[in-house]
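Peer 1: Given next are the chains, with one letter for each unit.
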Amino acid sequence: MRSKRALRYGLLGLSAALIGVGLLRQEHLEVLGKAVRICLECVGIG
Amino acid sequence: MSGMRRNRIKWPLSRQRTIQLISAALVNGYIAGFQKGRIFTGGTKAVCVPVLNCYSCPGALGACPIGALQTAVGGVKHHFPFYVLGLLMLFGVLLGRAVCGLLCPFGLVQDLLHKIPSPKVRVPKGLDRPARGIKYVVLLVFVILLPAFAVTETRVTPPYFCQYICPAGTLGGGIPLMLADPALRQLAGWLFNWKVLVLVVIAAASVLIHRPFCRYLCPLGAFYALFNRFSFFQMSLDAHKCVGCGACERVCPMAVEVTKDINSPECIRCGACQTACPTGAIAGPLKKQSPR
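Residue numbers (my numbering), protein chains in the order written: chain C, 54 to 99; chain F, 0 to 291.
Excised from the complex, chain F in its bound form:
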């Protein structure tokens, strides 16, 4: 555990933060929804957004890909999800986990929570590495296998990930709708309390650990991680310029071994390593290599 750190928000905002804010505003652009306590019902909701953003968020203009995937797999038809899987693959091949680092509103929330001054925790490698595998289990079990095979009497299976785990749904959908609609508030019971507890635990963990949900639990991050090594958005390290100072690895929010595996499945393309590199040896989507 390192000492108390002050991670102030810098002004002007970094490129990463600017892109994150624009993305959050674009995917949740239906402002009237927050005032009325209703969700958007336009045709753009037939298209999945690349990020984890609940379609029951009053501002959401598109569909959540993880929610849509569970609906396709666990719906009445129980079919192979060509459309949603195709969109997810498209986002994965084009952007990889740049979606997590640059576009995801829940990633932005975790980044901002981590700015709160507190002792910061560096999870030991022996615990961190196996724990990263949990997100693949969440993807396989909660998003695919349970919706596909845990069939109920109605033949429609609930979206297990959304129902029991997803903190983005509670933050973006549950809480704003409950605040705006007294009728919904009356229906809230143990499940809502459970979901708020999950959200609070993840929020508290985000203050101490950088992006714990992205690292250990997010099934969408797990899916995009599969494409990170060959997506169009790649990072590169110029070995001739690298002086091996380790500055990049010290600042990496995802604890990637930058000098050994720069396009690791865990790299979210946030650009922190590029900013920290004293010799400009790292290139990526936000910044090209500096001339020597």
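Okay, chain C solo, but in the shape it has when bound:
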């Protein structure tokens, strides 16, 4: 039970760290750039 809790909080910290690194590398802008244009592949035009 204690190890499960430790793993849970460890992964929570790791995910926060990954998000932080991604933000520093401005990866969110890449996500934004893709998401604000119609994705032709997604809608089936290709």
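Just so you know, the hints here were simulated from the structure itself, not pulled from any lab data.
Hints should not be assumed to be uniformly reliable.
[Unchecked claim] FRET-style restraints, in silico, Cβ to Cβ: (1) C:M54 x F:F79: 24 to 34 Å; (2) C:A70 x F:P181: 23 to 33 Å; (3) C:R55 x F:P116: 15 to 25 Å; (4) F:A246 x C:A70: 37 to 47 Å; (5) F:T17 x C:M54: 28 to 38 Å; (6) C:Q79 x F:V250: 28 to 38 Å.
[Said to hold, decoys possible] Which stretches of chain F does chain C cover? Using the computed rule of at least three CB atoms under 8 Å from a CB of chain C, they are: (7) 51-58; (8) 224-231; (9) 244-253.
Glycine included, every Cβ here is placed at the ideal spot set by N, Cα and C.
With the hints as your guide, set chain F onto chain C.
Peer 2: Frame of chain C, contents of chain F only:
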């Protein structure tokens, strides 16, 4: 195969259905998009929503995590997707597959389709168990490996899962945009027909089998399944209260062996087992255990 069942929508709505409807409305809250046939272009689209919801849906206010993951892995830079992976892990650790059972709009669509009166199919265990592994293959091959390594001349690889499989993109993005925009309709060809066929097959299967896409194909469900045993949202069974009647396992839409493995990677935290339990032995995010 069991006989014809009438799965009427009950009123007042269950907690699960209420949460599903609110979630679907929140992630697709840009109503004007449906009228104009355009997609939302605001800053909130830099953030992934936890659910499979196409960012080309006219109502979408956030980005699809599976689409964003493929873009990061297969984009011009071909880099490690720190940001998207971090968000996916965060959703996984906090919620696990409660995302599938409570928040995902395409899960809601499958739930409603399953309410259509028809003979219901219980997939035999010998077929069901290995078939559940397909979603992990879809995640690995279509979402990660192909975008990472099947590089084209432009160095940008297409989002293979979105392009050839994703029924949520066809339902939420393709069909509404095609209906609203005649220019897009003229561009539709074999790929759109293929995607509509995939959607129709999954919709038809959903009438007969509960959540076939979540069980067998969804790469996002596969990712969250990895976190289900230790996410913050956990189910628990009080062995002293359990009378072993099996009511929970009969109603489980994901065919989880509730009494043996209540936090199975397949459990979507829908709460059906809690509702069915005559002794209140099961606790979960939607309901605490009943006092004896």
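Peer 1: Look at each hint and say if it fits the structure.
Peer 2: Okay, the hints, checked on the actual structure:
For C:M54 and F:F79, the hinted distance range of 24 to 34 Å is satisfied, since their beta carbons lie about 33 Å from each other. Between C:A70 and F:P181 the beta carbons are some 48 Å apart, a value that contradicts the proposed interval 23 to 33 Å. Under the hint 15 to 25 Å, the C-beta atoms of C:R55 and F:P116, about 49 Å apart, miss the expected range. Range check, F:A246 to C:A70: Cβ separation about 43 Å, and the 37 to 47 Å hint holds.
At about 32 Å, the CB distance of F:T17 to C:M54 agrees with the hint of 28 to 38 Å. The hinted range of 28 to 38 Å is not satisfied by C:Q79 and F:V250, whose Cβ atoms lie roughly 47 Å apart. Given a C-beta distance limit of less than 8 Å, the hint that chain C covers the segment 51-58 of chain F holds, as 3 residues qualify and 3 suffice. Evaluation of the coverage hint for the segment 224-231 of chain F: fulfilled, as 5 residues show C-beta separations to chain C shorter than 8 Å, against a requirement of three.
Given as covered by chain C, the segment 244-253 of chain F fails the check, having 0 residues with a CB less than 8 Å from a CB of that chain where 3 are the minimum.
Of the hints listed earlier, those the structure fails to meet are numbers 2, 3, 6 and 9, in rising order.
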